[in-house]
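Engineer: Take a look at the letters that make up each chain.
There are 2 protein chains.
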Amino acid sequence: MKIARFRSNGRIAYGVIQGDEVVEIRGSIYTRFRMTDTKFPIQEVTFLPPTEPTEMWAPGLNFANHLEFAAGVLGDENPTVPVHPEPWIKARGALTGTGEPIILPIGSSGDVHYEGEAVAIIGKTCRRVTPEEATKCILGYTCGNDVSDRTWQHDDWTFWRAKGADTFAPVGPWIDTDVDPQKLEMIVRLNGKEVQHGHTEDMLFSFAEIVSYISQQVTLRPGDMVFSGSTGVTVALKPGDVVEVEIPGIGILTNPVEAEAVG
Amino acid sequence: MKIARFRSNGRIAYGVIQGDEVVEIRGSIYTRFRMTDTKFPIQEVTFLPPTEPTEMWAPGLNFANHLEFAAGVLGDENPTVPVHPEPWIKARGALTGTGEPIILPIGSSGDVHYEGEAVAIIGKTCRRVTPEEATKCILGYTCGNDVSDRTWQHDDWTFWRAKGADTFAPVGPWIDTDVDPQKLEMIVRLNGKEVQHGHTEDMLFSFAEIVSYISQQVTLRPGDMVFSGSTGVTVALKPGDVVEVEIPGIGILTNPVEAEAVG
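Order-wise, the sequence lines are chains A and B.
Last residue of the first sequence? That's 483 in this note's numbering, and every number before it is there in order.
Last residue of the second sequence? That's 483 in this note's numbering, and every number before it is there in order.
Bear in mind the hints are in silico, worked out from the structure with no lab data behind them.
We put the CB at the ideal spot given by N, CA and C, even for glycine.
Be careful, since some hints might not be right.
[Stated by the list, open to error] Chain A regions said to be covered by chain B (calculated; three or more residues, Cβ under 8 Å):
| # | stretch |
| --- | --- |
| 1 | 270-283 |
| 2 | 297-308 |
| 3 | 312-324 |
| 4 | 366-378 |
| 5 | 383-390 |
| 6 | 433-439 |
[Stated by the list, open to error] Distance condition first, Cα-Cα at most 20 Å in a straight line; then the derived SDA-like pairs of lysine to any residue:
| # | chain 1 | residue 1 | chain 2 | residue 2 |
| --- | --- | --- | --- | --- |
| 7 | B | 413 | B | 458 |
| 8 | B | 344 | A | 386 |
| 9 | A | 403 | A | 469 |
| 10 | B | 413 | B | 459 |
| 11 | A | 344 | B | 386 |
Chain A with its partners taken away, still in its complex shape (with noise of 0.2 Å):
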């Protein structure tokens, strides 16, 4: 099943895509809900973020063949290969759906990147719960862009705009229940070109292992966002440019991208 959060006439609401329309339902996608008679045609609607998350967790280095990449922009001579998740926090405020704009802000250096991945989508809360218990915390997985400001990633002291700046984590078109999730194909394509492609059989720590690593000391919440890590080598975003991360059976998550306004 693909469960949507969306904006139609002004109304939010939660639906389930069926064929080219969403079901608007009644009641909680974390616990119990109803389809209702409600339908738009899927083109009529806007696709918000698919929740809103108290935390978005991410891995750090959570792929092999990103570590070498990684370290170079880190400036770290010699990188370490993690023994455990190395959670860190992606600013809350950067969440944005798919079709909104991706914006490239005016004090960057211009080194901005996608990174196409893979998000889990808690379901329950979740406290101290074994990777067996993991998977059944996680209501389902989407799309989503870890956009980082490659400059900053390397220069600042934490992520907090390398990874954090308003509109630099698209999450979306809408959560799956039903994918395998260390069996996911993650692409990226830039201006309809494929730059990136991963697979979460590669994730160094499985979705599982993260939110059970996670959930020893942190209390996980329905609706907080863990995200795969990043495969490979990344390119530069330029104004104009059209970024999809498409998740075969699940969907595209699509954003322009925008040269931040002045004043």
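With chain A's structure known, arrange chain B on it following the hints.
Structural biologist: Using the frame of chain A, we list chain B on its own:
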């Protein structure tokens, strides 16, 4: 004026402190509100964290007299004085109120320290504000405890659990809208004995400068919290301790310390 969020008889409300009573208000603390006729004795309500922030921000190393100590914790031989604020994000789920226990996690090495701080509460959505404008975006100030596991702070790549484990962010008891933010004493008492005494006039970057700096890349929202940073040298908490953060003129944030229950 002192504005508090509290629970009474299972109901959550905002109120204004008048003498030894809290007078319930109606409306929004960020826009307009009015007093009601409903009053409670202070002793009979439970004070909650004064807002539900989107994000909690803190500046890395914001007091010169904390520099050497913090560098030792992090294993830096040559501590760096920040040339601009170096914000980091404190995990939102760690937020807790006065009177609630600070829980020492099972997985911790036990080296969990208090850090008594002042906390600015954002009152208006702000983006790209100057320090002068930032002052007008701040509703008021309260007490905070940036509880920190020094072993995790040293070993992990980020502060996700070192400063973000559940209960590691006591904030309260209420927001004071009338204080001079750079003229605040910050006193910590451990079991009644003073163990930390700082002053916000010693902040390397003022609240207005930190808010302005963050707002260049990230939109701050009503209720967001900005910590001052910590001063000096701290010591470890142990089960049974009571830690108080007092800012004279604002109030006292009091938290007992407990070991996490097994199982």
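Engineer: Would you mind marking each hint as holding or not holding in the structure?
Structural biologist: Evaluated hints:
no.	hint	result
1	270-283	holds (count 4)
2	297-308	holds (count 4)
3	312-324	holds (count 3)
4	366-378	holds (count 3)
5	383-390	holds (count 3)
6	433-439	holds (count 5)
7	B/413 with B/458	15 Å, holds
8	B/344 with A/386	17 Å, holds
9	A/403 with A/469	11 Å, holds
10	B/413 with B/459	16 Å, holds
11	A/344 with B/386	17 Å, holds
Hint check: no violations occur; every hint is consistent with the structure.
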